[in-house]
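**Q** Work out the full structure, taking the sequences as your base and the hints as a guide.
There are 2 protein chains.
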Amino acid sequence: EIVAAIEVELGQGPLSGRRVLVTSGPTHEPIDPVRYIANRSSGAQGTAVARALAALGAEVIFVTGPADVPPPLGMQVVKVETAQQMSDAVDAALPVDAGVFAAAVADWRVARASDKKLKKSRDGMPALEFAENPDILKRVSHMETGRPALVVGFAAETDNVVEHATAKRGRKGCDWIVANDVSPATGIMGGSENAVILISDSGAEEWPRMGKDAVAERLAARIADALTS
Amino acid sequence: EIVAAIEVELGQGPLSGRRVLVTSGPTHEPIDPVRYIANRSSGAQGTAVARALAALGAEVIFVTGPADVPPPLGMQVVKVETAQQMSDAVDAALPVDAGVFAAAVADWRVARASDKKLKKSRDGMPALEFAENPDILKRVSHMETGRPALVVGFAAETDNVVEHATAKRGRKGCDWIVANDVSPATGIMGGSENAVILISDSGAEEWPRMGKDAVAERLAARIADALTS
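Residue numbers (the numbering used here), protein chains in the order written: chain U, 1 to 229; chain C, 230 to 458.
One should not assume that every hint holds.
[What the hints assert, rightly or not] Within a straight-line C-alpha distance of at most 30 Å, the following computed BS3-like cross-link-like pairs (lysine-lysine) qualify: (1) U:K117 to C:K367; (2) U:K138 to U:K168; (3) U:K117 to C:K348.
Since the hints were derived computationally from the structure, they do not count as laboratory data. Since we're looking at a predicted model, the values are computed, not measured.
**A** Shown next as structure tokens:
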């Protein structure tokens with residue numbers, strides 16, 4: 001960590017002079033002052049990617065939801081809670097040379113979160129109306145001016161991983177999708193290892209299962225290649 | 230902590246020989262393998278109460294949801310995630326002399342949690358159907374045989390605290406309600422202090438704002454009085 005920080009200070013590495021945005025962690029979408037909708041992203045993979053990019057000399061802006069793991073040192077950290085706040089933080093961070101969108105952003109929020117705790121009524125569950133959250137990955141991928149040279153999305157799938165992730169790449173318009181299988185049986189969500197498939201315009205490239213730090217280093221090296229070749 | 234553990238080993242204190250159940254923390258209710266509904270309970274107050282009861286010599290069974298704070302040492306700890314699991318763990322812990330239900334149990338769960346990640350559809354948010362969770366406090370309070378001599382509930386309110394908590398005591402049939410105001414402005418949820426109102430058949434007794442450990446010690450002393458007088 002300290003070595004990485006020193007290397008960045010010295011301006012070394014293939015990504016020195018490049019500005020990279022990394023989003024990480026879950027978002028929390030409030031229902032009322034005490035309840036919220038969350039997801040199981042620990043932030044471990046996104047944090048490792050940010051650290052690996054910084055180790056290659058990049059200036060990293062790290063936008064994180066309420067993650068289980070502490071944010072990396074040696075970079076600008078922006079802490080947010082909701083998808084809307086994450087979207088705003090991403091806007092504020094642009095322009096960047098590359099954007100790595102590892103956060104598990106909630107697709108929906110509760111349309112009108114209550115400022116009072118909802119009560120059990122005789123009719124049961126209070127009706128919750130949902131509204132669609134901003135699609136950060138799609139919006140950044142489709143920017144007409146100032147689009148990052150490389151936009152990387154993540155896809156956490158539980159079935160038909162390559163098919164779903166390839167479709168997501170087309171739908172979002174990003175350059176790469178880092179896809180993984182987060183079925184409970186894999187132990188990947190919340191664990192220290194990951195098994196990813198990199199989806200690009202050359203197809204699907206399956207990486208062997210390895211530590212999340214090793215996945216991060218390999219991805220950072222690929223990003224450096226793409227930005228500097 | 231160590232002193233408390235030693236005292237328990239020595240069987241000292243007004244609650245020695247008494248068996249007390251404490252529930253604590255939030256519950257997480259799955260929507261699908263990656264999403265869930267949660268609440269902001271940190272587990273700090275329930276953990277402090279369990280520790281204070283053990284320090285008075287009680288045998289404590291501590292049933293906790295996924296809390297932010299680590300569980301106390303020197304007692305049996307049962308970790309659960311959902312309200313249904315907490316209900317089962319409470320049943321397994323009975324009979325007890327006193328039950329302190331400090332957990333923030335979700336009133337509802339998603340009726341049919343998906344075993345695959347739900348996809349955004351053209352029609353927007355997938356419809357979520359909710360089912361009512363078991364009401365642990367009400368069920369234990371109404372036990373015809375083997376009811377704990379003292380049943381203590383908690384009420385986290387954001388408005389009309391005494392009115393809501395007094396109504397809750399009547400509805401649940403518990404002996405005491407420890408009520409507090411968890412409006413975001415109070416900083417109590419997730420903070421180190423608490424300002425509680427103890428609701429019993431003698432009415433509402435407002436305690437000054439103090440540390441959560443101090444609240445726990447005062448409550449544990451009151452529980453010891455009630456069980457031994």
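**Q** Hints the structure violates: just list their numbers, smallest first.
**A** none
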